[in-house]
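Chemist: In order, the protein sequences belong to chains P and R.
Mapping of the first sequence onto our numbering: position 63 corresponds to residue 63, and the numbering continues sequentially without gaps.
If you want our numbering, it's the position in the second sequence, counting the first as 1, plus 1000.
Read the hints as simulated data drawn from the structure, not as lab findings.
Yeah, the Cβ is synthetic: ideal placement off N, Cα and C, and Gly gets one too.
Check each hint, because a few of them may be wrong.
The calculated BS3-like cross-link candidates involving lysine-lysine, where the alpha carbons are at most 25 Å apart (straight line), are [said to hold, decoys possible]:
| no. | chain 1 | residue 1 | chain 2 | residue 2 |
| --- | --- | --- | --- | --- |
| 1 | P | 259 | R | 1280 |
| 2 | P | 280 | R | 1280 |
| 3 | R | 1271 | P | 259 |
| 4 | P | 280 | R | 1125 |
So the derived list for chain R, only partly shown, Cβ under 8 Å to chain P, looks like this [unchecked claim]:
| no. | residue |
| --- | --- |
| 5 | 1022 |
| 6 | 1052 |
| 7 | 1054 |
| 8 | 1153 |
| 9 | 1157 |
| 10 | 1231 |
| 11 | 1233 |
| 12 | 1239 |
| 13 | 1276 |
Here are the simulated distance ranges between beta carbons [unchecked claim]:
| no. | chain 1 | residue 1 | chain 2 | residue 2 | range |
| --- | --- | --- | --- | --- | --- |
| 14 | P | 258 | R | 1266 | 27 to 37 Å |
| 15 | R | 1137 | P | 282 | 21 to 31 Å |
| 16 | R | 1177 | P | 181 | 48 to 58 Å |
| 17 | P | 224 | R | 1132 | 34 to 44 Å |
| 18 | R | 1284 | P | 11 | 34 to 44 Å |
Protein chains: 2
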Amino acid sequence: MEQLPKYIQKVNNELWLTEDERDNLKLSYRIKEIVYAGHSPFQHVMILDSYDFGRMLVLDGVVQTTSLDGFIYNEIISHMPLNFHPNPKQVLIIGGGDCGVAREVAKYPGVEKIDMVEIDELVVKVCKEHLQEVSGNLSDPRVHFIYADGVKFAKEHNNEYDVIIVDSSDPIGPAKQLFELSFYQNLYDSLKEDGVMVCQSQSPIFHFDILKQTYKRINSLFPITKLYTAVVPTYPAGLWSFTLGSKKYQTVNTDNFDKDTRYINKEILEKAFYLPEFVKNQLNLE
Amino acid sequence: MEQLPKYIQKVNNELWLTEDERDNLKLSYRIKEIVYAGHSPFQHVMILDSYDFGRMLVLDGVVQTTSLDGFIYNEIISHMPLNFHPNPKQVLIIGGGDCGVAREVAKYPGVEKIDMVEIDELVVKVCKEHLQEVSGNLSDPRVHFIYADGVKFAKEHNNEYDVIIVDSSDPIGPAKQLFELSFYQNLYDSLKEDGVMVCQSQSPIFHFDILKQTYKRINSLFPITKLYTAVVPTYPAGLWSFTLGSKKYQTVNTDNFDKDTRYINKEILEKAFYLPEFVKNQLNLE
Chain P
1 MEQLPKYIQK
11 VNNELWLTED
21 ERDNLKLSYR
31 IKEIVYAGHS
41 PFQHVMILDS
51 YDFGRMLVLD
61 GVVQTTSLDG
71 FIYNEIISHM
81 PLNFHPNPKQ
91 VLIIGGGDCG
101 VAREVAKYPG
111 VEKIDMVEID
121 ELVVKVCKEH
131 LQEVSGNLSD
141 PRVHFIYADG
151 VKFAKEHNNE
161 YDVIIVDSSD
171 PIGPAKQLFE
181 LSFYQNLYDS
191 LKEDGVMVCQ
201 SQSPIFHFDI
211 LKQTYKRINS
221 LFPITKLYTA
231 VVPTYPAGLW
241 SFTLGSKKYQ
251 TVNTDNFDKD
261 TRYINKEILE
271 KAFYLPEFVK
281 NQLNLE
Chain R
1001 MEQLPKYIQK
1011 VNNELWLTED
1021 ERDNLKLSYR
1031 IKEIVYAGHS
1041 PFQHVMILDS
1051 YDFGRMLVLD
1061 GVVQTTSLDG
1071 FIYNEIISHM
1081 PLNFHPNPKQ
1091 VLIIGGGDCG
1101 VAREVAKYPG
1111 VEKIDMVEID
1121 ELVVKVCKEH
1131 LQEVSGNLSD
1141 PRVHFIYADG
1151 VKFAKEHNNE
1161 YDVIIVDSSD
1171 PIGPAKQLFE
1181 LSFYQNLYDS
1191 LKEDGVMVCQ
1201 SQSPIFHFDI
1211 LKQTYKRINS
1221 LFPITKLYTA
1231 VVPTYPAGLW
1241 SFTLGSKKYQ
1251 TVNTDNFDKD
1261 TRYINKEILE
1271 KAFYLPEFVK
1281 NQLNLE
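If we strip away everything but chain P, and leave its shape as in the complex, we get (with noise of 0.2 Å):
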């Protein structure tokens, strides 16, 4: 390795990566090896394996998905809608480049068809290659992948989709757009008539601003809105929140829950739903 890249520091002959995404709190992992460095048209990536989380994707200097705890994360985004929906067919991922999401979608044989709209190829192509314990190095005829902008792919279509699951990064930088009211609307179009749809939406501890918004809006569009929750260790704060949207569907339904899954079971799938006081209180529902 000839240059570091800017997002890697080297002290006392160690590397270490030290995310620069808050201005008050810094984390910093040790890296054993950077697998992979570039920059695609989008963002700068990176492939590190580190000493506590295994390998890692890192987008811009801030770390997306481990192989230690990607799974908590894909699992709850992906099972919770569709056990929400009772027969998922048709199902569109916008985002989730890591593609841990289309491999846990893929574990539903009634699926037929699996869209997934991510906008940076690169991320994809390095995560098939080189974080194989979180994208499954997926191979399933049913996953199409569409290197697109998924904003306007959801613009472009209708009535099309049983489950959409939004797998963005933060509201900052290219997926800015994907915590927007119009995409949403655009969201809601693309589902059928009894679709179901879901979005990460932030720390409640520290975004509680973006989790409100974002859980006013899908359910100024939808009659049905539910807030769960799940701890991604990697994430700030260790506390995560989930919005979803659904037209017809009331509740998650676990009685046939089968799946091989190391993070939710039916329990945990459940109990997701139960929201700490103090999220509830500021939440404050009208």
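Using the hints provided, position chain R relative to the given structure of chain P.
Modeler: Structure of chain R alone, referenced to chain P:
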């Protein structure tokens, strides 16, 4: 401030605390002000005012509790055993120097006596003075502050308490003995015949060996052993575990739960026992 405590660095005229607890992962908190710094006979003690977490108790350079999220840990470790036992009157707290557990226990009018055995008087003093968001500046006459070695104290008491809460720091340094089998045996003996104990048993992500050892030790003594989890944002990996040993009662009863809390509620108390798949699998209960 003439000289900075050794755990604090000044970088570009900003103050930062960098936790040195783990070899391969460092958390750095930007600090507004060093409210207190000093040595007790047991450890280095600081109260820091941080940007993202408000005031924090820092022992030997490691964050123990903060104004932002201290309530989560203190509520889940306290209210669980107090609602497992149907009528707790005599309560023993081992550790808990930030006084947050005592504050939660004092919310139960039926509790007659709260013995809080903390080895380090300085921790209690500075938390009462400078960390009242956590400690509540506790002046309830039922609380007896006993500055002594919790291990020795437990050895000297017999058939006396309804509930024992072990609020220890990590099993390094002074708290190491609070994870030994002989200590749990002494707790067992200190409890009445229908008593309930609980202790924090570290992170399922990073310290599964300690979690498993703790669970097995308590399970070897108590007829009923239950593991539960909560999200503690300032602890590594967010997900934290607690192990409860009960001599008689089988489950938490939240029918009449009516306490003023910010994290827990009936549902959170009940769902805390539902464990992620990887925890159940790794625990591999024989």
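Chemist: Now look at each hint and say whether the structure bears it out.
Modeler: To see whether the hints hold, each was checked on the structure:
{"no.": "1", "hint": "P/259 with R/1280", "result": "holds, 16 Å"}
{"no.": "2", "hint": "P/280 with R/1280", "result": "violated, 29 Å"}
{"no.": "3", "hint": "R/1271 with P/259", "result": "holds, 21 Å"}
{"no.": "4", "hint": "P/280 with R/1125", "result": "violated, 34 Å"}
{"no.": "5", "hint": "1022", "result": "holds, 7 Å"}
{"no.": "6", "hint": "1052", "result": "holds, 5 Å"}
{"no.": "7", "hint": "1054", "result": "violated, 11 Å"}
{"no.": "8", "hint": "1153", "result": "violated, 33 Å"}
{"no.": "9", "hint": "1157", "result": "violated, 34 Å"}
{"no.": "10", "hint": "1231", "result": "holds, 4 Å"}
{"no.": "11", "hint": "1233", "result": "holds, 4 Å"}
{"no.": "12", "hint": "1239", "result": "holds, 4 Å"}
{"no.": "13", "hint": "1276", "result": "holds, 5 Å"}
{"no.": "14", "hint": "P/258 with R/1266: 27 to 37 Å", "result": "holds, 29 Å"}
{"no.": "15", "hint": "R/1137 with P/282: 21 to 31 Å", "result": "holds, 25 Å"}
{"no.": "16", "hint": "R/1177 with P/181: 48 to 58 Å", "result": "holds, 57 Å"}
{"no.": "17", "hint": "P/224 with R/1132: 34 to 44 Å", "result": "holds, 42 Å"}
{"no.": "18", "hint": "R/1284 with P/11: 34 to 44 Å", "result": "holds, 39 Å"}
Violated hints, listed in ascending order, are 2, 4, 7, 8, 9; each of the other numbered hints is respected by the structure.
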